[in-house]
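Trainee: Quick mapping for you: the protein sequence lines, in order, are chains G and V. Position 54, counted from 1, in the first sequence is what this note's numbering calls 54; the numbers after and before it change by one each time, with no gaps. Position 50, counted from 1, in the second sequence is what this note's numbering calls 50; the numbers after and before it change by one each time, with no gaps.
The set of hints was computed from the structure by calculation and includes no laboratory data. Just so you know, these numbers come straight off a predicted model, no measurement behind them. Worth double-checking, as some hints may not be accurate.
Here are some of the chain V residues that sit facing chain G, going by a computed Cβ distance under 8 Å [unchecked claim]:
(1) R21
(2) A70
(3) D74
Every residue, glycine too, gets a C-beta built ideally from N, C-alpha and C.
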Amino acid sequence: MTVTKDESAREGADDKGDMTGGAGVPGDDYTPSERRLARERYTRARARRATAIAALSTLVTAAVLYLVVVDAPGWPRTKETFFSAHYAREAFPKVLEGLWLNVRLLLVCGAAVLVLGMLIAVARTLRGPVFFPLRVLAAAYTDFFRGLPLIINLMIVVLGVPALRLQGVTVDPVLLGGTALTLTYSAYVAEVFRAGIESVHPSQRAAARSLGLTNRQALRYVVLPQAVRRQVPPLLNDLVSLQKDTGLVSIGGAVDAVRAADIIVGRSLNYTPYIVAGLVFVALTIPMTRFTDWVTARMDRRRAQGGSL
Amino acid sequence: MSTPESTPVSNAPVLRMESVRKTFGGSVVLRDVDLEVAPHTVTALIGASGSGKSTLLRCANLLEEIDDGAIWLDGEEITDPRVDQDAVRRRIGVVFQAYNLFPHMTVLDNITLAPRRVHGVSRAEAEERARALLERLGLGGRADAYPDRLSGGQQQRVAIVRALAVRPRLLLLDEITAALDPELVGEVLDVVRGLKDEGMTMVLATHEMGFARDVADQVCFLDGGVVLERGSAEQVFGDPRQERTRRFLRRIVEAGRL
Numbered sequence: 001m002t003v004t005k006d007e008s009a010r011e012g013a014d015d016k017g018d019m020t021g022g023a024g025v026p027g028d029d030y031t032p033s034e035r036r037l038a039r040e041r042y043t044r045a046r047a048r049r050a051t052a053i054a055a056l057s058t059l060v061t062a063a064v065l066y067l068v069v070v071d072a073p074g075w076p077r078t079k080e081t082f083f084s085a086h087y088a089r090e091a092f093p094k095v096l097e098g099l100w101l102n103v104r105l106l107l108v109c110g111a112a113v114l115v116l117g118m119l120i121a122v123a124r125t126l127r128g129p130v131f132f133p134l135r136v137l138a139a140a141y142t143d144f145f146r147g148l149p150l151i152i153n154l155m156i157v158v159l160g161v162p163a164l165r166l167q168g169v170t171v172d173p174v175l176l177g178g179t180a181l182t183l184t185y186s187a188y189v190a191e192v193f194r195a196g197i198e199s200v201h202p203s204q205r206a207a208a209r210s211l212g213l214t215n216r217q218a219l220r221y222v223v224l225p226q227a228v229r230r231q232v233p234p235l236l237n238d239l240v241s242l243q244k245d246t247g248l249v250s251i252g253g254a255v256d257a258v259r260a261a262d263i264i265v266g267r268s269l270n271y272t273p274y275i276v277a278g279l280v281f282v283a284l285t286i287p288m289t290r291f292t293d294w295v296t297a298r299m300d301r302r303r304a305q306g307g308s309l
Numbered sequence: 001m002s003t004p005e006s007t008p009v010s011n012a013p014v015l016r017m018e019s020v021r022k023t024f025g026g027s028v029v030l031r032d033v034d035l036e037v038a039p040h041t042v043t044a045l046i047g048a049s050g051s052g053k054s055t056l057l058r059c060a061n062l063l064e065e066i067d068d069g070a071i072w073l074d075g076e077e078i079t080d081p082r083v084d085q086d087a088v089r090r091r092i093g094v095v096f097q098a099y100n101l102f103p104h105m106t107v108l109d110n111i112t113l114a115p116r117r118v119h120g121v122s123r124a125e126a127e128e129r130a131r132a133l134l135e136r137l138g139l140g141g142r143a144d145a146y147p148d149r150l151s152g153g154q155q156q157r158v159a160i161v162r163a164l165a166v167r168p169r170l171l172l173l174d175e176i177t178a179a180l181d182p183e184l185v186g187e188v189l190d191v192v193r194g195l196k197d198e199g200m201t202m203v204l205a206t207h208e209m210g211f212a213r214d215v216a217d218q219v220c221f222l223d224g225g226v227v228l229e230r231g232s233a234e235q236v237f238g239d240p241r242q243e244r245t246r247r248f249l250r251r252i253v254e255a256g257r258l
């Protein structure tokens with residue numbers, strides 16, 4: 001057996017392995033054993049079998065679904081009313097045009113919601129008697145706007161506010177609709193942030209405070225970064241939801257994707273444009289959902305330190 | 001789930017490893033590791049941090065998939081991909097360095113979780129056994145406490161009880177005192193001594209050389225993922241054959257740990 005000269009401050013496994021268990025051969029002379037190869041053959045075979053079963057089962061399911069749908073009574077009428085190629089072609093460009101409004105609303109409201117939600121969440125966690133009214137206000141705000149149906153909120157803000165004829169207050173349904181969305185969603189997001197803040201173990205705050213950081217600094221540098229990271233999946237979830245609900249501003253007459261479809265439906269009494277608008281929203285949501293999954297999976301991978309469980 | 005509750009009267013090894021190899025990315029963590037653990041014996045794995053002790057334990061419990069070689073538990077090859085891994089883990093108890101108790105459960109619930117949910121023991125029976133074990137380990141009063149309320153030594157003893165509650169065939173202890181205050185180390189090690197006296201088969205990775213010397217029937221010195229030296233505690237600590245073992249032990253002595 002070889003014993004190489006080495007220095008004491010060595011980190012074990014990474015010193016280039018010249019200790020091949022008695023063989024004394026420098027470097028890695030590893031060749032997979034027959035046992036390993038057999039094991040890998042078996043695992044591969046099992047994976048192939050699983051793929052084949054999945055493919056077969058998918059095929060059968062698809063065939064059954066197809067037959068059930070096509071054979072259903074009323075399918076031809078359904079097809080004409082909901083899936084008319086003619087109306088789909090007419091509606092699609094208009095819906096896309098309207099969708100641009102939804103996307104802009106999403107971006108602006110999304111940013112506003114994150115900022116406002118964070119402020120409310122922080123307000124709720126402030127300590128000290130001075131902040132009592134602030135805490136109460138923040139709590140009341142979240143309670144109220146989480147409970148208030150979004151559609152009522154929108155009708156009050158979008159339809160009701162212009163009726164006041166206030167000087168200097170906009171009557172633009174887009175701006176008002178955006179405001180209503182922000183009000184409701186910031187309440188949701190505030191709760192997400194607050195849950196995140198409270199999920200950070202108290203020992204983290206204790207460690208930060210004992211380093212001399214103020215309460216605010218501890219929040220800013222230690223607690224919030226951990227809280228936000230942890231809450232990314234639920235936050236994205238709320239953003240996906242917000243994305244769909246931007247369609248509700250159409251109740252004030254703003255021509256978004258939903259309204260654009262509505263106009264054609266009103267004229268033709270064919271409901272295909274709704275389907276088109278719906279699918280466009282779904283298509284917009286899917287990348288966001290996949291992104292959420294990806295972020296979550298990546299965070300899980302980081303947290304689990306190795307292991308095959 | 002009736003795993004053959006083979007209680008071999010013979011001295012067939014409880015755990016056997018042959019040419020086990022494990023890599024993480026490019027680095028080889030275990031290389032050609034052979035190990036035999038006879039029933040009712042204690043095997044101590046010693047070596048510097050990063051020498052592969054913990055990985056070896058994690059491989060034995062199938063928490064890590066090995067790259068090559070094979071592992072047998074009571075004569076059954078558990079590294080065979082056809083094996084039900086959960087059934088294997090049911091027969092092996094593990095105690096972790098950081099306790100890994102479930103913070104949202106009381107001590108009692110931590111202990112009775114596996115007996116009730118995995119082994120189908122009734123609540124009453126599981127709790128009775130849990131309380132008996134707690135009593136024996138000096139934790140009688142803490143059954144309804146939450147882990148965060150306990151000292152490190154108490155938490156680690158609860159973790160040991162949790163591992164024992166399923167009557168494992170083999171107990172793996174991964175540096176179970178490394179996170180403890182010195183004055184709490186003793187209470188945990190005493191528990192392990194007690195288990196040895198009762199005939200529990202154990203493999204432990206440890207930095208407590210005095211303890212290893214005292215309790216182990218077999219000592220393996222790992223270095224760079226290789227079992228460089230093995231033998232009785234007397235031989236490895238008293239008369240190490242390898243220069244590296246000698247150097248390692250000298251550093252330990254200098255640090256006042258032996």
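Trainee: Each hint should be assessed against the structure and marked as holding or not.
Mentor: Outcome of the hint check:
Taken as an interface hint, R21(V) checks out: its beta carbon lies about 7 Å from the nearest beta carbon of chain G, inside 8 Å. Hint status for A70(V) relative to chain G: holds, with the closest Cβ pair at about 6 Å, below 8 Å. The interface hint given for D74(V) is violated, since its Cβ lies 19 Å from the closest Cβ of chain G, which is over the 8 Å cut-off.
The structure fails to meet hint 3 from the earlier list, while all remaining hints are met.
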